[in-house]
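J.: So the chains spell out like this:
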Amino acid sequence: MATEILMPALSPTMEEGTLAKWLVKEGDTVSSGDIMAEIETDKATMEFEAVDEGIVGKIVIAEGTEGVKVNDVIAILVEEGESVPEVSAASAPAAVPDAAEPQAAPAVAAAPAAPAVDTTPDWPADVEVKSTTIREALRDAMAEEMRRDEDVFLMGEEVAEYQGAYKISQGLLDEFGAKRVIDTPITEHGFAGIATGAAFGGLKPIVEFMTFNFAMQAIDHLINSAAKTLYMSGGQMGAPMVFRGPNGAAARVGAQHSQDYAAWYMQIPGLKVVMPYSAADAKGLMKTAIRDPNPVIFLENEIMYGKSFDVPVMDDFTIPFGKAKIERAGDDVTIVSFGIGMTYALAAAEKLAEEGINAEVINLRTLRPMDTETILASVRKTNRCVTVEEGWPQGSVGGYISGVIMQEAFDYLDAPVITCTGKDVPMPYAANLEKHALLTADEVVDACKKVTYR
Amino acid sequence: MPPKKAAAKPNVSAEELLGHYREMLLIRRFEEKAGQLYGMGLIGGFCHLYIGQEAVVVGLEAAADEGDKRVTSYRDHGHMLACGMDPKGIMAELTGREGGFSKGKGGSMHMFSKEKHFYGGHGIVGAQVPLGAGLAFSDKYKGNDRVTFTYFGDGAANQGQVYETYNMAQLWDLPVVFVIENNGYAMGTSVVRSTKSPSLWERGAAYGIKGEEVDGMNVLAVKEAGERAVAHCRAGKGPYILEVKTYRYRGHSMSDPAKYRTRDEVQKMRDERDPIEQVRDMLLTGKHATEDDLKAIDKEIKAIVNDAAEFSKESPEPALEELWTDIYAEEHV
Chain B
561 MATEILMPAL SPTMEEGTLA KWLVKEGDTV SSGDIMAEIE TDKATMEFEA VDEGIVGKIV
621 IAEGTEGVKV NDVIAILVEE GESVPEVSAA SAPAAVPDAA EPQAAPAVAA APAAPAVDTT
681 PDWPADVEVK STTIREALRD AMAEEMRRDE DVFLMGEEVA EYQGAYKISQ GLLDEFGAKR
741 VIDTPITEHG FAGIATGAAF GGLKPIVEFM TFNFAMQAID HLINSAAKTL YMSGGQMGAP
801 MVFRGPNGAA ARVGAQHSQD YAAWYMQIPG LKVVMPYSAA DAKGLMKTAI RDPNPVIFLE
861 NEIMYGKSFD VPVMDDFTIP FGKAKIERAG DDVTIVSFGI GMTYALAAAE KLAEEGINAE
921 VINLRTLRPM DTETILASVR KTNRCVTVEE GWPQGSVGGY ISGVIMQEAF DYLDAPVITC
981 TGKDVPMPYA ANLEKHALLT ADEVVDACKK VTYR
Chain V
60 MPPKKAAAKP NVSAEELLGH YREMLLIRRF EEKAGQLYGM GLIGGFCHLY IGQEAVVVGL
120 EAAADEGDKR VTSYRDHGHM LACGMDPKGI MAELTGREGG FSKGKGGSMH MFSKEKHFYG
180 GHGIVGAQVP LGAGLAFSDK YKGNDRVTFT YFGDGAANQG QVYETYNMAQ LWDLPVVFVI
240 ENNGYAMGTS VVRSTKSPSL WERGAAYGIK GEEVDGMNVL AVKEAGERAV AHCRAGKGPY
300 ILEVKTYRYR GHSMSDPAKY RTRDEVQKMR DERDPIEQVR DMLLTGKHAT EDDLKAIDKE
360 IKAIVNDAAE FSKESPEPAL EELWTDIYAE EHV
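As you go down the protein sequences, you meet chains B and V in turn. For the first sequence, our numbering begins at 561 and goes up steadily by one. For the second sequence, our numbering begins at 60 and goes up steadily by one.
Derived from the structure by calculation, the hints contain no laboratory data. Accuracy of the hints is not assured; some may be wrong.
Listed next, the in silico DSSO-like pairs over lysine-lysine satisfying Cα-Cα at most 30 Å (straight line) [as the list claims (entries may be wrong)]:
{"#": "1", "chain 1": "V", "residue 1": "K255", "chain 2": "V", "residue 2": "K327"}
{"#": "2", "chain 1": "V", "residue 1": "K358", "chain 2": "B", "residue 2": "K739"}
{"#": "3", "chain 1": "B", "residue 1": "K983", "chain 2": "B", "residue 2": "K883"}
{"#": "4", "chain 1": "B", "residue 1": "K995", "chain 2": "B", "residue 2": "K1010"}
{"#": "5", "chain 1": "V", "residue 1": "K269", "chain 2": "V", "residue 2": "K92"}
{"#": "6", "chain 1": "V", "residue 1": "K255", "chain 2": "B", "residue 2": "K739"}
{"#": "7", "chain 1": "B", "residue 1": "K739", "chain 2": "V", "residue 2": "K201"}
{"#": "8", "chain 1": "B", "residue 1": "K585", "chain 2": "B", "residue 2": "K618"}
{"#": "9", "chain 1": "B", "residue 1": "K1010", "chain 2": "B", "residue 2": "K911"}
{"#": "10", "chain 1": "V", "residue 1": "K354", "chain 2": "V", "residue 2": "K327"}
{"#": "11", "chain 1": "V", "residue 1": "K361", "chain 2": "V", "residue 2": "K175"}
{"#": "12", "chain 1": "V", "residue 1": "K361", "chain 2": "V", "residue 2": "K372"}
{"#": "13", "chain 1": "V", "residue 1": "K269", "chain 2": "B", "residue 2": "K739"}
{"#": "14", "chain 1": "V", "residue 1": "K372", "chain 2": "B", "residue 2": "K739"}
{"#": "15", "chain 1": "V", "residue 1": "K296", "chain 2": "V", "residue 2": "K327"}
Covered stretches of chain V (in silico footprint by chain B; criterion: 3 or more residues with CB under 8 Å from a CB of chain B, positions within the stretch not fixed) [as the list claims (entries may be wrong)]:
{"#": "16", "region": "189–203"}
{"#": "17", "region": "219–228"}
{"#": "18", "region": "345–357"}
{"#": "19", "region": "376–389"}
The calculated label-pair distances, taken between Cβ atoms and stated as ranges, are [what the hints assert, rightly or not]:
{"#": "20", "chain 1": "B", "residue 1": "A685", "chain 2": "V", "residue 2": "E125", "range": "52 to 58 Å"}
{"#": "21", "chain 1": "V", "residue 1": "R320", "chain 2": "B", "residue 2": "V985", "range": "36 to 42 Å"}
{"#": "22", "chain 1": "B", "residue 1": "A990", "chain 2": "V", "residue 2": "K318", "range": "52 to 58 Å"}
Here a beta-carbon is modelled for each residue, glycine too, at the ideal position from N, C-alpha and C.
With the hints as extra help, turn the sequences into a complete structure.
T.: If you want it as structure tokens, here you go:
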């Protein structure tokens, strides 16, 4: 009986990858544990081992093929004496990649890549744009700022030789050398403190946390050392630096690796807190963050790294802090979100539009400073507001926004503000439970219908 | 144990000894005055006095050069005085006044001076250790040969981040002198009740860091050890650890009932090992100074401290607008 070898998912968020190299050829006999191929994911090159025994009957996907979807048939194992062409033909229907498409397109992936109505342009209309992933945008922003300022350097776990655990720092070691792209031991508390001290000493560090979950080991330095020193020193010295890395739930990585820290850091005076949605946000805000003379918490998202958006082709593209972006204009309800929450917000707005409800979707981009004026102006127009975030409900960003609206625009409200959040539970591992723990676009749709009394 | 009366060393000049005497005395008198002002309610909150430990910072500052950096914990008044910060600005910070180094917004535990390369004044035990290594990192990055003195106590020596820092400081050859001010007590817990390590500096060996134990009651011994440490760092050989055995006469903070040790223990240290008395003896027995010379210095120091105290009372409280300043920098400071 022939066995189909499928493209493996080698990271929690991998949807596709490059089949870099075959280490077996047709006709070879393999047994369980033999390395069959090298597969490049969004993060790393991994060796792929055979699970079953057999003879490599056919290599379906040639080496060097990019964009091979997870679960596509990449090779077929046959038994002794089994004829290959026959097996190949028999399995052909299953190998059609499109067959798996409908299920493989959850709400997150369905988020519109094209921006909706943009009332406050971040760049002039005549500027050329280029489709760029958030991963590339972040790397480009760091590289541009490192070229511009010798005092900027990057440190963190696996940022240099490994090229970044999530490949954000790809190429930076080659360009800037080991002095400015520094691999650290696994020692968050220590290197966050060293970086903060280096900032006191006049440098402008970028600290990568492999994920923000690990920054809890270092949070004393982020808050007590970096955020408060300017104030404690009467303005004599501060910490011009960026703490960055993926934040929030990835996929199937369980409770300790799936948490949104936006609300935590947003509370701290002395910190600036950024959570970009698009690649343009990521680039423009990262450049601003590196130049800012204060400590900046820059919350990225693993699931978003591979998403592409238009980024303007400009010598020096920056986005100021404290300026929200209206991603989609509407009159019926205001949806406020940030970061990956925008994917739910925009997907919900699409669905609502089909039902004749025009939502205005605000992308906050920075949580501290927060552009509450844009929120309030919108709420004064729509008289309704729904906030959207992946974090937990108690002490949420939406809870704060709701408070601001109540205090500043109470008379304009025609319905209570609804805060759509992640469920109030540690992140479960089981696929079905995890799906329920996360926010969905449908929940946002329901909330919008509730506040519009539909 | 060193001899009760240390003999004057021939290679130490009268001028140098007098300088040490003056600086240590300034710290002692300043701290005594701070204790008084605290008792009068002019200083609030936490106030950790340095009395007894004066030889540590004075000896190490004598080994430092212009541009070298220093960072320490919340028991920081002595470090600031020793690096040349104005006693008026320090005392006014203790009283929370506009004329303080942090405009009254930092307090006893949080003072800084960019001019004197003093980087605080940190209240979280052990947190200043990676910060100090980071300051050293900045100098190495810039390619100069400056050294950072990173002070911490025997209590902080049990914090994990100290060892994370040792590892990276040695890995990257950072020019940092780790100064463990071992005064025997982490708040109320004596060293023997917090660790079975026979010595704290030897823990550096696990990371390949050289170090030594120093008699912290003898300012000349501290200075000599400091010079060895600084030479090591300036030569690009990486960090160095000095475990300076010292003693705090006063409580951990002003509110310390000091039930964890006997009065006799404190008195014995004062009588036999006092760092200021040791230098005084050297000056007198070596005929470097007369009783009258020293009295003149005492008088001069007293005047400086009284002026500082007066300033700290007269300086106004910070304007209410200060509540809202220095939260964010508009430009790089």
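J.: Does K92(V) sit within 30 Å of K269(V), going by the straight-line distance between their CA atoms?
T.: Roughly 38 Å separates the two Cα atoms, so the pair is violated.
J.: With the threshold set at 30 Å, check whether the alpha-carbon distance from K269(V) to K739(B) stays at or below it.
T.: holds (24 Å)
J.: Decide if the proposed pair is consistent with the structure: K354(V) and K327(V), CA atoms, cutoff 30 Å inclusive.
T.: holds (25 Å)
J.: Can you confirm whether the C-alpha distance between K995(B) and K1010(B) stays at or below 30 Å?
T.: Holds, at roughly 23 Å.
J.: Per the hint of 36 to 42 Å, is the separation of the Cβ atoms of R320(V) and V985(B) within bounds?
T.: Violated - the Cβ-Cβ distance for R320(V) and V985(B), about 50 Å, lies outside 36 to 42 Å.
J.: For the region 219–228 of chain V, count the residues whose Cβ lies under 8 Å from any Cβ of chain B; is that count three or more?
T.: Result for this restraint: holds, n = 6.
J.: Decide if the proposed pair is consistent with the structure: K372(V) and K739(B), CA atoms, cutoff 30 Å inclusive.
T.: Answer violated: K372(V) to K739(B) is near 49 Å, above 30 Å.
J.: Mind checking the alpha carbons of K361(V) and K175(V) for me, to see if they're no more than 30 Å apart?
T.: At roughly 23 Å apart (the allowed maximum being 30 Å), K175(V) and K361(V) satisfy the hint.
J.: Within 52 to 58 Å or not, the Cβ separation of A685(B) and E125(V)?
T.: holds (55 Å)
J.: Would you say the region 345–357 of chain V counts as covered by chain B, given the rule of at least 3 residues with C-beta under 8 Å?
T.: violated (count 0)
J.: Could you grab the alpha-carbon distance between K255(V) and K327(V) and see if it respects the 30 Å cut-off?
T.: Distance ~25 Å between K255(V) and K327(V) Cα, so the pair holds.
J.: Run the distance test for K296(V) versus K327(V): straight-line Cα separation, threshold 30 Å.
T.: Violated, at roughly 40 Å.
Consistency with the previously given hints fails for numbers 2, 5, 6, 14, 15, 18 and 21, ordered from lowest to highest.
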